[in-house]
Each structure stands twice: as C-alpha cells, then as structure tokens.
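Chains as they are written, first to last, in this note's numbering: chain V, 6 to 430; chain Z, 6 to 430.
One thing to keep in mind: the hints can contain errors.
The list treats identical chains as one, so a pair stands whether inside a single copy or across any two.
What the hints assert, rightly or not - Once the Cα atoms are required to be at most 25 Å apart in a straight line, the calculated DSS-like pairs of lysine-lysine come out as:
1. K347 - K285
2. K220 - K283
3. K133 - K219
4. K347 - K125
5. K283 - K219
6. K133 - K220
7. K175 - K133
8. K175 - K283
9. K283 - K125
10. K219 - K347
11. K133 - K283
It is worth saying that the hints were derived from the structure and are not from the lab.
Number of protein chains: 2
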Amino acid sequence: MRFKPVTSIQSKDMNAEILAVGSEMLTPDRVDTNSLFLTDQLNQIGVEVVAKHVVGDDRDRLATAMRLAMGASQFLLISGGLGPTEDDLTRDALAAALGRPLIFNAEISEGIEERFRRMKRVMPEINKRQAMVIEGAEILSNDRGTAPGQWIAGEDCTVMMLPGPPHELKLMFTRECMPRLRAMVPPLAIRTKVFRISGMSESDLDQTIAPIYKKYENPATTVLAHNGDLQVHLRARCTSESEAEALLAEVGDQIDAALGERIYSRNSDPLEVIIGRKLKATGATLAVAESATGGGLAERITSVPGSSEYFVGGFITYTRRMKTECVGVPEALLAAHGAVSKEVAEAMAAGARERAGVTWAVSITGNAGPTADGDEAPVGSVFIGIAGPEFLGSYHRIWPSSDRPRVRAFAAQMALDMLNRELGN
Amino acid sequence: MRFKPVTSIQSKDMNAEILAVGSEMLTPDRVDTNSLFLTDQLNQIGVEVVAKHVVGDDRDRLATAMRLAMGASQFLLISGGLGPTEDDLTRDALAAALGRPLIFNAEISEGIEERFRRMKRVMPEINKRQAMVIEGAEILSNDRGTAPGQWIAGEDCTVMMLPGPPHELKLMFTRECMPRLRAMVPPLAIRTKVFRISGMSESDLDQTIAPIYKKYENPATTVLAHNGDLQVHLRARCTSESEAEALLAEVGDQIDAALGERIYSRNSDPLEVIIGRKLKATGATLAVAESATGGGLAERITSVPGSSEYFVGGFITYTRRMKTECVGVPEALLAAHGAVSKEVAEAMAAGARERAGVTWAVSITGNAGPTADGDEAPVGSVFIGIAGPEFLGSYHRIWPSSDRPRVRAFAAQMALDMLNRELGN
Chain V
6 MRFKPVTSIQ SKDMNAEILA VGSEMLTPDR VDTNSLFLTD QLNQIGVEVV AKHVVGDDRD
66 RLATAMRLAM GASQFLLISG GLGPTEDDLT RDALAAALGR PLIFNAEISE GIEERFRRMK
126 RVMPEINKRQ AMVIEGAEIL SNDRGTAPGQ WIAGEDCTVM MLPGPPHELK LMFTRECMPR
186 LRAMVPPLAI RTKVFRISGM SESDLDQTIA PIYKKYENPA TTVLAHNGDL QVHLRARCTS
246 ESEAEALLAE VGDQIDAALG ERIYSRNSDP LEVIIGRKLK ATGATLAVAE SATGGGLAER
306 ITSVPGSSEY FVGGFITYTR RMKTECVGVP EALLAAHGAV SKEVAEAMAA GARERAGVTW
366 AVSITGNAGP TADGDEAPVG SVFIGIAGPE FLGSYHRIWP SSDRPRVRAF AAQMALDMLN
426 RELGN
Chain Z
6 MRFKPVTSIQ SKDMNAEILA VGSEMLTPDR VDTNSLFLTD QLNQIGVEVV AKHVVGDDRD
66 RLATAMRLAM GASQFLLISG GLGPTEDDLT RDALAAALGR PLIFNAEISE GIEERFRRMK
126 RVMPEINKRQ AMVIEGAEIL SNDRGTAPGQ WIAGEDCTVM MLPGPPHELK LMFTRECMPR
186 LRAMVPPLAI RTKVFRISGM SESDLDQTIA PIYKKYENPA TTVLAHNGDL QVHLRARCTS
246 ESEAEALLAE VGDQIDAALG ERIYSRNSDP LEVIIGRKLK ATGATLAVAE SATGGGLAER
306 ITSVPGSSEY FVGGFITYTR RMKTECVGVP EALLAAHGAV SKEVAEAMAA GARERAGVTW
366 AVSITGNAGP TADGDEAPVG SVFIGIAGPE FLGSYHRIWP SSDRPRVRAF AAQMALDMLN
426 RELGN
C-alpha cells in the first residue's frame, strides 16, 4: 500500500488534542468521560478540541500518538497511566516522544511516602516510579491521589500529564492548569444559548433549522436528541462580549421564529424544572398516577431539588385492582375500555387529583412492551391523562417501537410536555 | 522540540483501530457510542481494539490519522463523514491517505436517486458525492440510509468506511463486515463470565480481587462500578472452547471464593431481574412506598419485561399527609421520630404491604439533598423498610454526598439489595 504524504496541517493555534491512556478504556463498557470535562473547560477559554484519542498500555503506540498530536496541535492533554505499575507507561512514552530524560524527584517521592504514612502504610518500592519527572516539567500537585501531574512547555506544544481518576483529574486541571492556560490564550468572549424543544422529531427539527444555522460558522450549532427531548446549542466565540451576544441574538432569533411554541425552554432548564417553577409561582400542587412508566414520571419530577414544595406524591397502579382501589377507576370502565384507554387515563388523573388533594394530576397508562399484554393494547400505545382546575383531558400516541425503556422514557417526556402546555406561560 | 523517532510497533495481527469522524463528536456533550458496539463485535471474534480516535472535519488531520492507523493495525474501522455535504470528508481523506483515486459509481448514484424518488423527492445534486468510490473498494449496502459503506482490502490493513448514524452502522457492520471478518481471522473461542456484587465499595472490591486477577493476562478482567452496583467481567480468548472455559473457571472460582455472598449474580442479570425471578418462583407479589427516591425504585422494578406478574404497584408518599393517608403511617409516629426514621420506614413498608395486599413491600425514606429539609435529617441519610411474611425490618445508611441523583440511585440499589437478601436463595 502506498501512502501519500500529508504535508499541510491547519494552524495549530488555540487547538488541543486529548489522549486517554489505558487498555481498560478500550473495552465495550467504558467511555472516556474525562475528555468531555476537559473539552468543556477548554471551550470556555476559546480553545477548540480537534481530536481525541484512546490508546492502550503500549509504549510505542503511545509515543507515536503523542508525537503526532504535539506536531499538530498547540495543546496536548494526557489522562491516565500515571500509576505505579509497569502498565503505567505515560511518563516513559512521553519522555520518549519528547526525547527528554526522566529524572527522579526526591521531594515527590517523600510526599508519596508521607501520604502512605498518614494511611498507616509503608510506600511500596514501585511507587517511586511516580516520582519520575520529565526534564524541564513543572509539577502539578494532586490533593486526591498519589500521582502528581506534569506540565511541559515545549516550543511548539504544551503538554499536560494528568491522572486518570476523574475526581483527581478535575481538581488538578481546574486548580493547576486553567490559570496557566488563561495566561497563555488571548482572552475570548464565549457565549452560549440553549433551546429545548419537544413535540417534534430530530430530523424535522434539523430540517427546520439547518437552513438557518448552516449559514454561520460562528456561532457553532449542535443538535442533541435524547428520548424525545431535543436541544439546540449555540456557541459564539468573539473578541468581545457584545459581539458574541449580537451573534447569538442574530442566529437565536431566527431559530426562535422558526420553531415558535415548540421551544419550551430558552435556557438549559428541562421540563421538570420549568413545570416546578410554574407550579410554585401559583402555589399549585401536583400528583401522578402511573402504570406503564412505573414511577419514571414521578422520578423525573422529584429529581428537581425542592420539588417537595409542589409535588405531593403519587400512585403506581400497575394492576387493575390498584387502579380501582388507589385512584378510584370504576371496574366497569376498565372492563368496557381496557386499562390502556383514554377513559382510564382520564379517570386515573381525576382520581389521583382527588385522592391526593392537589391542583393538577397527570396519569400514564400504556403498553411499554416488548410484547402485547392481556389487554391487547398494541406495544408502544400510551395514553396521558391530565386533570386540573376545570380541565380534564387526554392524549394518545403510538410509538413504533418495542423498545421498553425507550417507550417509557418517551411517555414520561410526553406527559411532562402536555402538562407544561396546560400550565400555560 | 526534538522528536525521537518511534521505530518499533507491536505486531499488527488481529488488532483494530476505530476512527470516528466529525467535529460534532468533539463537543462536551457527545460520546462516540459506535466504538463501543464495534469493540464488542470485534472482541467476539478475537480482534482487539488497540486505539480509538475522534477527529473533526479536517481533511489533512483525518488523512494523517488514517495513515498512521493503517501502518500500525490490521483493521481500521471509520465511522461518519459519509454524508453529501462539503463537511463530509471521509471519502476524500481516505483516498488521499491510500493514494488511490475516487471513481464515480453510476449504479450507486441511481440507487440514491431511487431512494429519493420513493420519498417523493428529487435527489439534490450534492448527493452524487455519496456515489464516489475508492478504487478497488467493495460496496457495503446501506438499507437504512443513503450513504453506502466501503470495504478496502489493502496489503497491510483492511479499512471499513461506515456511516455515522448508529442504526445504519450497526446493521451494515453486522450484515456486511462481520462475515468478511470471520473469514479473515483464525477462529478463536471467546468466553465471558460476569459477577455482579453489591454491598461493598469499588476500592474494597478491587483490593480483594486484584491479587487474583493480576496473575492472569488471560482472562482479561474489568471492574465496573455504577451507583453502588459493581460488576467484574472476565473474558478468556483461547483456541478451544474447553480451554477458555477452564481458564474462566480457574479465575472465576477464586473470585467467587473471595467475595462469597457479596456476589448476587453470576451472570449479567441485575438485582431487579433476580428479585423478579424469585418472586415468580414462589408466586409472591411486591409493592413499594417511596419518599426520597420519588418513584425511582418502582421504575427499576418495572424496567423488567413481565414485571406485572409480581409487581402490583406502589405509593409515592412525598408529603407527610400522603404517608398517613396512602400507607397509614400514624401522625404521632411522624411527629415523634420525623419522616426520615426507621420507625416511619417500617410503618411505610407494613402499610404498603397491607394496602396493596402483597407478600412483600419495600419502603424508602430519606433526605437526598442537596440541602437538609425541614425534618433536619442529614443529607444522604436514608432508611429502607422491608415488610414480608413474618418479617419487618429496616436498614439505615448515610452517604457522604449531597449529590441528589447519586444518593437516590444508591438508595434504590440498597433497597433492592436488602430485599434480595431477605428473599433468600
């Protein structure tokens, strides 16, 4: 196979790459979450992440990856592989990639010994490996673990060696690296705007707003979708705050006009927070009656700190008997329409409202699958009931899915969306 | 900065690298989940993933990353960047990295046009980009989208170009790539074993079993922790099934002996599945009464398909009044001990058991934070109550955390763990 040499790489300025080290990060179960935190931090000061890598415990592969990243980007952030064992190769690999020696640092070694003494243990000999420092590196202190980090200012690239455990990495990066980085990068004003949208599909959303956001490189636009909840993130990077705000307003206003009332939040608040705020503002209270979602709706409502100010509780009426006894759904109604029906959804909501003595009640009944149940309601068929002051209504939707967790999550999202619409502005 | 050239790379055989393409994959909100699916599939046939990369929409960076991976590994799997726009650079970058031309394929173009016709639309001219094929590539058909994949058998490396949307990638990889890969790699027997553990910390678990698993490179051992639920995964790769089984048994038996009854599952079943199986086997039924977790416990129980066979329902008693009215907790008990107390936890469980007419009932009351509530129970303090035939008991635990979602998830996990222990074997 012939390789065509790649001769030009775009400007390195204000660009960063992130390298996670460790074979354990290459299993089907593990995700490198450190890079998400680091990306968020870097973006806040205007540094863009242009590539991320995960490389196993292999010295030569690591050194090659480091060498390439250092040649292509201004910053390289490395996480993990700083432990005391032979598998921990980050120090060795980076020394090789830089062509600099590792030097034993007695002070670090004493610090690690002291840490072991405080835990009434003797430092194993192998931990001395953690005191090996790359020539010319600055030490980054680690208050939450034994491995110190290292900051290496090269001519073309600044390299940060950080520990793998997230709570160690976060503290070290925030305390030790961010101040140094802020001093290196030109001050940039970064402003973000988030829209949250419900009641449309991701592809409909994208088709509606792509003609707007595609015209702009700045702000950068990201569309996120998760179980029926859609988000549009705009991020503007400018030299002044006013310029960034103006850009956000220019694009944001167009998106706002295109989506209209499908937008339920113009900051990052989720539905359960918005509903909570509306209920608190009017001194109203809320209860639920859930069948198909089995507690998932109440779980979302109570995920909000302080939700006990307006959320009274609820009834998980998984059987017909519980529907009758707990929220007073007449047996005849169940027999006539089946448990998955608009009549039962409305009776559940009305019953929950009365029994719990609240202003508003929301109910969910449906078949979340994966197989049709005795009621013979099709899989994915869900009814939402809403009872409020002078209001009783229901909504029906069939999701073309036998994916139980997905149907349940979509149903809870729809219930919150419907309640939010009824609560008004 | 001087670079020391890296001269030796370990054997490429049976090694793969994965490259996800797209600047949108480099935001703080996005994780490359395709690579987890691909890793699992590759591991099943004995191919190890030695590195993963995410690179933005930059032709030169992409080509460099591809070139390096092709030189270092036998397989390169690329996902994304196959769309019709100018940002979709995977085809161009790979052609450059391989030094092969792109050739227009009329058949593919007609297929895409036909796809548009079926949707009553006319194919935009830019979609013709999706019909550009690398010289010598085999086409991988895409039943779920417009972009076909490509399979390029090079001398040193086999490259797969796959679409980014997970549902397109999964079907294409399973149908088109796996059969070709199976024909290329020597048959290996891969056997896995999973232990699930509750009631100890991740570091205690690792300290207990590391002396065992560290002795073995094969099987490979991974320890996973998520909200109080711990898993140990063993994976043996051998030339014969019997050898793989023997290795798993050798290591698995030692881990089993070291952990004893802390293991609740010797396959991958979670607590809610194991509890469901035990309840069904004896024809027993279950209900819950939840305060702090607000429905999260019932949500987990009902996540199991068929849980309606034993789960009757529950009461989300978020206020004192709901505790009294729904599950009959005496007002005097609440006044004397506070809502977060062992007395109230037991009364909630006993009341739920009676009102729902079930064999077993589990209750949770606690303060999930982030701030202490009116009851002045400390944040992180949780009581679990269990009521069963001739049994009434409670458990208390304080988590040193004001992280509301974490406290709630830990509380639900502990409630299931305690119930599982009471249900016996």
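Hint check:
1. Proximity of K347 and K285 under a CA criterion of 25 Å is satisfied in neither setting, with 29 Å inside one chain copy and 31 Å between copies.
2. In this homomeric assembly, K220 and K283 never come within 25 Å of each other (Cα to Cα): the closest approach is 36 Å inside a single copy and 59 Å across copies.
3. With identical chains, the CA atoms of K133 and K219 are at most 25 Å apart between copies only, with a shortest distance of 20 Å across copies and 53 Å within one.
4. In this assembly of identical chains, K347 and K125 lie within 25 Å of each other by CA distance neither inside one copy nor across copies; the values are 65 Å within and 35 Å between.
5. In the homo-oligomer, the alpha carbons of K283 and K219 never lie at most 25 Å apart, since the shortest distance is 35 Å inside one protomer and 55 Å across protomers.
6. Proximity of K133 and K220 under a CA criterion of 25 Å is satisfied inter-copy only: 22 Å between copies versus 55 Å inside one chain copy.
7. Only within a single protomer do K175 and K133 lie at most 25 Å apart by alpha-carbon distance; the minimum there is 24 Å, versus 46 Å between protomers.
8. When the C-alpha separation of K175 and K283 is checked against a cutoff of 25 Å, the pair qualifies neither within a copy, at 35 Å, nor between copies, at 42 Å.
9. When the C-alpha separation of K283 and K125 is checked against a cutoff of 25 Å, the pair qualifies neither within a copy, at 54 Å, nor between copies, at 44 Å.
10. In the homo-oligomer, the alpha carbons of K219 and K347 never lie at most 25 Å apart, since the shortest distance is 42 Å inside one protomer and 58 Å across protomers.
11. For a Cα distance limit of 25 Å, the shortest separation of K133 from K283 qualifies neither inside one copy, at 58 Å, nor across copies, at 50 Å.
Comparing the model with each numbered hint stated earlier shows that hints 1, 2, 4, 5, 8, 9, 10 and 11 do not hold.
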